[in-house]
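Novice: Sequence:
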Amino acid sequence: MELRPAFRVNGFLMLLVLLVVGGAGLIGGVAVTSATSEGDGGSPVGAVILFVVVGLAVAMLTGLTTVSPNEAKVIQFFGRYIGSVGDPGFFWVVPLSNKRRISLRVRNFETQKLKVNDSDGNPVEIASVVVYRVVDSFKSAFAVDDYEEYVQTQSEAAVRHLATVHPYDSDDPNRTSLRNGTEVAEELTTELSERTALAGIDILEARITHLAYAPEIAQAMLVRQQASQIVAARSRIVEGAVGMVGMALDRLASEGMVELDEERKAAMVSNLLVVLCGDRAAQPVVNTGTLYS
Numbered sequence: 008m009e010l011r012p013a014f015r016v017n018g019f020l021m022l023l024v025l026l027v028v029g030g031a032g033l034i035g036g037v038a039v040t041s042a043t044s045e046g047d048g049g050s051p052v053g054a055v056i057l058f059v060v061v062g063l064a065v066a067m068l069t070g071l072t073t074v075s076p077n078e079a080k081v082i083q084f085f086g087r088y089i090g091s092v093g094d095p096g097f098f099w100v101v102p103l104s105n106k107r108r109i110s111l112r113v114r115n116f117e118t119q120k121l122k123v124n125d126s127d128g129n130p131v132e133i134a135s136v137v138v139y140r141v142v143d144s145f146k147s148a149f150a151v152d153d154y155e156e157y158v159q160t161q162s163e164a165a166v167r168h169l170a171t172v173h174p175y176d177s178d179d180p181n182r183t184s185l186r187n188g189t190e191v192a193e194e195l196t197t198e199l200s201e202r203t204a205l206a207g208i209d210i211l212e213a214r215i216t217h218l219a220y221a222p223e224i225a226q227a228m229l230v231r232q233q234a235s236q237i238v239a240a241r242s243r244i245v246e247g248a249v250g251m252v253g254m255a256l257d258r259l260a261s262e263g264m265v266e267l268d269e270e271r272k273a274a275m276v277s278n279l280l281v282v283l284c285g286d287r288a289a290q291p292v293v294n295t296g297t298l299y300s
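Residues 8 to 300, numbered by this note's numbering, are exactly what the sequence shown covers, in order.
A few of these clues could be false.
[Claimed, not checked] Here are the computed distance ranges between Cβ atoms for each label pair:
(1) A192 - A240: 48 to 56 Å
(2) F97 - N187: 46 to 54 Å
(3) V138 - G253: 52 to 60 Å
(4) L283 - K120: 19 to 27 Å
[Unchecked claim] Keeping only pairs whose Cα atoms sit at most 25 Å apart, straight-line, the calculated SDA-like set for lysine to any residue is:
(5) K120 - T73
(6) K122 - E78
(7) K106 - V16
(8) K122 - E156
(9) K120 - V16
(10) K146 - Q233
(11) K146 - K120
(12) K120 - Q159
(13) K122 - Q233
(14) K146 - D178
(15) K146 - H217
(16) K122 - T73
Simulated from the structure, these hints should not be mistaken for lab results. Beta carbons: idealized from backbone N, C-alpha and C, even for Gly.
Between the sequences and the hints, there should be enough to build the whole structure, so can you do that?
Specialist: Written out as structure tokens, the structure reads:
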């Protein structure tokens, strides 16, 4: 963690020293006051000593602070940053200083569902979850006004930008779509890390949690997807059928089971393609004639 260590002393040790010194000063002040009152009187030395001792004790006690695990205290002395305390425990730092608490715990939040146009111009709804933590307490405290709000705003901006440079879906294997979860998550994490480095934030993970077409085009895009799947399935069937027909003709020719001229080959290819590519069960027909009659 990039923390500039602030001056600090063990809090229990300093508390003990303050109690001893304060007690000794208090006893000395009381003794001087008593001696003065029993003498010729009128000297305010004892009262002054008591006032000074109490004032110094109160001022010194303001330097005591407690730091919890996964937490940092940013120390300011009259507006000047003098360092941070990142180790958990009870410490004494510069008195009369301002101690601002910064949590170093891992946090996560989910962005709102944003409606944007993808790279193809189709309106989509998209949302993401972002996991992050503070790694530089100085930047988080002073580089931005509110680092939590900064991370949320930058996350929404990054998600919007991501949606505009990628399509919702793509048939091109060389083109990344928003549905490619791993690639999109890595790209979103990288972009967010660059955007939030100014605030001392480390983005651990950013991932799309919601992705859908906008309601006004959802039905039309569903029909389009179904048509694309049907075309892809038919193309696969035709590709397999052509291979099977070629294999059947080669097998017949190599084993010499039957001699087929070009016309009979064409008829056989036609019949096999109909059977293999049809979306219904084939009905057998017994042919008792000949192609040449």
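Novice: Work down the list of hints and note, for each, if the structure agrees.
Specialist: Here is what the structure says about each hint:
no. : hint                    : in the structure
1   : A192 - A240: 48 to 56 Å : violated (29 Å)
2   : F97 - N187: 46 to 54 Å  : holds (51 Å)
3   : V138 - G253: 52 to 60 Å : holds (54 Å)
4   : L283 - K120: 19 to 27 Å : violated (46 Å)
5   : K120 - T73              : violated (40 Å)
6   : K122 - E78              : violated (37 Å)
7   : K106 - V16              : holds (15 Å)
8   : K122 - E156             : holds (20 Å)
9   : K120 - V16              : violated (49 Å)
10  : K146 - Q233             : violated (51 Å)
11  : K146 - K120             : violated (29 Å)
12  : K120 - Q159             : holds (13 Å)
13  : K122 - Q233             : holds (24 Å)
14  : K146 - D178             : violated (44 Å)
15  : K146 - H217             : violated (32 Å)
16  : K122 - T73              : violated (45 Å)
Hint violations for this structure: numbers 1, 4, 5, 6, 9, 10, 11, 14, 15 and 16, all remaining hints satisfied.
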